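Protein chains in written order, with my numbering: chain Z, 870 to 1175; chain A, 164 to 461.
Take these hints with a grain of salt, some might be off.
As the list claims (entries may be wrong) - So the derived list for chain A, only partly shown, Cβ under 10 Å to chain Z, looks like this:
#	residue
1	Val282
2	Ile392
3	Ala395
4	Ser396
5	Thr408
6	Gly412
7	Gly433
8	Val440
9	Asp448
These aren't lab readings, by the way, just hints derived from the structure by calculation. Just so you know, these numbers come straight off a predicted model, no measurement behind them. Heads up, the beta-carbon is just placed ideally off N, CA and C, and yes, glycines get one too.
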Amino acid sequence: MIRFILSRVFQSLVALAILSVVVFILARATGDPLHLILPMSASEEDYAYARRYLGLDRPYVEQYFSFVGKAVTGDFGTSLRARRPVSELIRERLPNSLRLALFAMCVSLSFAFPLGVLAAVNKGTWIDRTAQVIAVLGQSLPTFWVAIVLVEFVAGRLQWLPAGGISGFASYILPGFTLGWFVVAGMMRLLRSGMLEVLDSEYVKLARVKGVVERRVVWLHALKNALIPVVTFAGIYFAILVTTAIVVETVFAWPGLGRLAYEGISSRDFPVIQAVVLTTAAIVAVVNLGVDLLYAVIDPRIRHAR
Amino acid sequence: MRADPMESATALPVAEPRAWRRLRDRGLPVIPLGIITIFVLIAILAPVISPADPEEQSLRSRFRPPVWDERGSWQHPLGTDRLGRDMLSRIFYGSRVSLTAGVVTVLLASAFGAAVGLVAGYYGGRVDAVLMRLTDATMSFPVILLALILAVTVGPSFANVVVAIAVVLWARYARVIRGQVLTLMELDFIAQARIAGAGAWRVISRHLLPNTLNTLVVLVTLQIGYVIIVEASLSFLGAGIPPPTPAWGSMIAEGREFVTSAWWVSFFPGLAILLVVLAFNLLGDWLRDTLDPKLRQL
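Using the sequences plus the hints, can you model the full thing?
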């Protein structure tokens, strides 16, 4: 087990290392940041001085290692635009994004659970078909369009909920719903097929023969085992949520990482871009690692088969 | 279904005629196929069927409502946008961007991803380890972020959008195909082909690839819809297809400020995206259930 954990952690680290190189190259490729920082009237000497001051005159390899060395300790440099340490910006925005992602995850689970179970129990009936339509619809709607429509109707015309920003629980509902609905389809489908398989298994039949109430069979005995594939894919859903959040956060003016990335990119603020991409990737990696380890605990066969 | 005892022993590629027969027997998904056909025809015939030039501005007829509104007219069946451009024509032309982006991106990504998956699965060992680490790293990269960075770096263009999405998307194919190849490699017919002297290229192209085609077809169909949404999101954020070319995502963005007074400017492009993506998703679901029910996780 320890060997499995170590090799899995090592894999995540390698993936992150490759990613840091890509990010570093891409961030450098966005053009000379000095054009944005320095005033139009800056002279050649000003450029040379600023370049030396920011360490941009050193060889790329050296810049990369100093970047990684600092990044490991949480130092991502200073934002070119906000003139503040990037780590500070991240610390401000990250909790907002995580809270939104968690809320969205809860929304999608509370949709996917009843839909998936009902669809499986009533396989082939109109309930099954309706559940699948609701799920596929969420996957097919562009999130930013749903966001605009919700802002216009629920927040604008009906004035039921706030249109953007963070101000208490109510402000989570619209962005959380927009984000959460998008991944319902995948989860619901996994749960449905998992349930179908489990409901057909011997131990569920045994439970029924023993006289266990049908509701208990479905929601307790079967659901517990049908959950395993959903758990394994939780990491992927989380990654999708984090990515989709860029668009949703922009429409709802949500002060999270996604909007920070969008702002960073539009102003070529490369310390910010690097930090956001690496933080996002690290979160995804940690979630995936956690899921894999959890899975190995649930299902020992995984530890040996690769 | 009676299994042919010779089947697993033959070294011939299994083209799976049974799967295709099953496909026909289940009855074709008429609605999704119909929607896709209609939009493909619209994209091809856009110059012929559009009532107006999609880029022609007419400030005198800005924000005309759709025809069923009492202020609307047949001249602009779906109304006009803030520059007086005809919405219907722009949606017709926009289908070209969305469909081409979806299909080209997915084809690029699937070709590369499948190649990586086949090679990794066939050679195993170090080759596999290196390729899979690369795949993992790619998968943890947020697609939209990468495309945004690329758009800023080299400027937004159709080619950049396609490349940016494909560069991340291939990893999914590599993972799934490699998994399948690993299973296939355990089977007798591959071992026999190798004993018979078939080289790597022959085993991969004649035996492994044909047996992963079903999965590829399903994954490709399901991902076209996803790519159309990602492309639209990029255009919405201003990092997609640059104006004045009509793209559904940027049309929604343009109408966003005027939702309260002119809802149709944002609404119809969104509806178009919904229809096309829904059709591809339904078709993909149907293909998966028909060709390979085990693929429920795709």
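Can you name, in rising order, the numbers of the hints this structure does not satisfy?
-> 1 and 5
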